[in-house]
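*Asks:* Going down the list, the protein sequences come from chains A and B.
Last residue of the first sequence: number 493 in our numbering, and the count goes up by one each step with no gaps.
Last residue of the second sequence: number 1214 in our numbering, and the count goes up by one each step with no gaps.
Warning: the hint list may mix true and false statements.
Straight-line distance between alpha carbons at most 27 Å, and here's what the computed DSS-like set of lysine-lysine pairs gives [stated by the list, open to error]:
| no. | chain 1 | residue 1 | chain 2 | residue 2 |
| --- | --- | --- | --- | --- |
| 1 | A | K54 | A | K137 |
| 2 | B | K1004 | A | K137 |
| 3 | B | K1056 | A | K54 |
| 4 | B | K1056 | A | K46 |
| 5 | A | K54 | A | K390 |
| 6 | A | K46 | A | K390 |
In short, the hints are calculated from the structure, not lab data.
Predicted, not measured: the structure shown is a model, and the values here were computed from it.
Letter by letter, the chains look like this.
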Amino acid sequence: MLFVLFVVKKVRIVKPQSVLIELQPLFEKNAPKALANTQLRRNMGKATQTIRGKRAAVVDEMPDWEALREAGRAIKARTLRHLDSYLLQLEDSVTRAGGSVHWARDAAEANAIITRLVQQQAREVIKIKSLTTDEIKLNAALADAGITAIETDLAELIIQLAGEHSSHILVPAIHKNRAEIRELFMRTLGVAELSDEPTALAAVARTYLREKFLTTRVAISGANFAVAETGTVCVVESEGNGRMCLTLPDLLISVMGIEKVIPSFQDFEVMLQLLPRSSTGERMNPYTSLWRGVTPGDGPQEFHLVLLDNGRSDVLADTVGRQTLNCIRCSACLNICPIYERTGGHAYGSVYPGPIGAILTPQLVGVEHARSLPFASTLCGACYDVCPVKINIPEVLVHLRGEVVRQQQDTGGLRAALEPENLAMTALAKLFESRLAYEAAQQAGKLGQLPLKHDGHISWLPGLLGGWTAMRDLEAMPDETFREWWAKRKAEG
Amino acid sequence: MSAKDTILRRIHTALRDVPPAERPEDVRVARDYRLTDDAPRAEIVQQFAERVAEYKAAVRVVREADLVATIAAALRARGISRLVVPAGLPEAWLPPDITPLRDTPPLSHTQLDTSEGVITSCALGIAQTGTIVLDHGLGQGRRALSLLPDYHLCIVRAAQVIGLVPEAIGMLDEAAHAGRPLTFISGPSATSDIELNRVEGVHGPRTLEVIVIV
Ligand code: SF4
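Build out the structure end to end from the sequences listed, making use of the hints.
*Replies:* Right under this line is the structure:
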């Protein structure tokens, strides 16, 4: 079974690269830079702690949380195992309600469809934050066609004005403090006087964007869910910019990954409970909009839904990796992840950061383009525990690590197979496959490293493994392993 | 081959492990989460009011006889005299001294933007989450009406308040099958994008007030 993904990967010539911010995202190169940035580390720490606490509170008040998670998982499993028929049903429902449905094999195709639709009507579009449009690099494609895309989420606007990339799925501008935002607004929006009070900063964004909402004729959104049975598309948000984009323009284009479809309207009773509590830690997010096709006299009178594959059907083909497509992008796994908390989202070099990024990105673009990502984890399992649709992230990580190792050996022949890193990875992959073996090895490691340890660091390793320590400062194994600490932390509640 | 055919074929190939005879219903979805809240009605309505208030929306619980006076007081406190009034809203709810802005013929976006506020009824209220749902039927108006004005006053009858999200979705099933747009509103618009401070009121109405008629 492990080989299904592998075989598919090898026959394919072109892989979608667009999920990666840079061509070769090297977690191990970016992470030290991120760790050195104290502002980022402080913000990330505060952010993840706050959201974690809020989530825990609203999840704990639900006596049926586990039943909801299980239902969420089952709904996605049902969807994915019958994805082709649900997509056809969705197309039919939307079309009958006056919408148009487009299919895009990859990012370039999706961008071409959207550009063509926009070009007929406008030079400027308003956008709702959407990871899917980040994934296909839509804004750049539109810019190439002379179309300006204006991001309307506050955080996205901040990032766009600063010309940066997002660092968190949910709170993309988490790495900027209010003084920096104030300075940015004064510089780019021509505001003469402005305090750094969050309310004042939000008011500036409101005024600037209100004019755009009232005058822009085309909007582009992602979609959180789309119901095959009724053709209902759903956008979940906080600020109201979503409602503006979905209501005021004449033309609305929504882009969704093919895995976002759900079978029935009833399934909302599960998803609309799981998503807000896991995501922002609220009982319900401020605004959720549902619509189908075109409603005469209300909202955009032209609606297009773009269904995007871009590597997803390959993820589907791997029976271990398939569950990755359950993801409802809540970001709970980011907020709980000890690695993410310390490095932030930029270190992953991918549109999808954190634990979900570590498993989704390599599968979308092929492990050969994102080799380090499956290793950006300690396999502590916290992400699995919080995932509202029960994606077993550690299981998929281990599976992908094996994939990386097998592929390196495969492409490099015998010599490569005998390289120390590959040998080590092979051994590691074996270890990670069994929790017991992994824990035993950690214990052995603690003893075995004693002769090499100086001031808590190992800067020299004997023999073939010397290549590793020449490039990195290996943190000595602490007296208490992460797993031990984590187990204790959990037990202490 | 068209993009659609290619994608469908890729999916078909990817799902080799799914037995051809399997139907979607064969993948069991156990709905053994809570489907109804059997707490007493009064408690459910009370919870609704409390949870709406937690989102920093002003909530008043009043008897039908006091409704108009309460609406008048709420509007007066904000100095509102020109109010957007959707078709189908009971005329008896309107205080005599306000100037209604009617949506027939449709108000322009600019008219809505410069209006002082909007009053609507709703389709239902969810106690568990403190949510108001609009199905944009009578008394609620098309979506822009409850979006562009900076002040939204929403009137909820106690009988419209249900306990749990699954009950709400069940009651909205007909509207969804009819293709009506639905808007779930839980408090005024908000963002946590600046150093994670929750700031109420970004793009939607910055003030949401709710009157529950018991
Ligand atoms: S993997 Fe699970 S926890 Fe992580 S973003 Fe996706 S749904 Fe949320």
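*Asks:* None of the hints should be skipped; say for each whether it holds.
*Replies:* Quick rundown of the hints versus the structure:
| no. | hint | in the structure |
| --- | --- | --- |
| 1 | A:K54 x A:K137 | violated (32 Å) |
| 2 | B:K1004 x A:K137 | holds (21 Å) |
| 3 | B:K1056 x A:K54 | holds (17 Å) |
| 4 | B:K1056 x A:K46 | holds (23 Å) |
| 5 | A:K54 x A:K390 | holds (20 Å) |
| 6 | A:K46 x A:K390 | holds (26 Å) |
Going through the hint list in order, the structure does not satisfy hint 1, though it satisfies all others.
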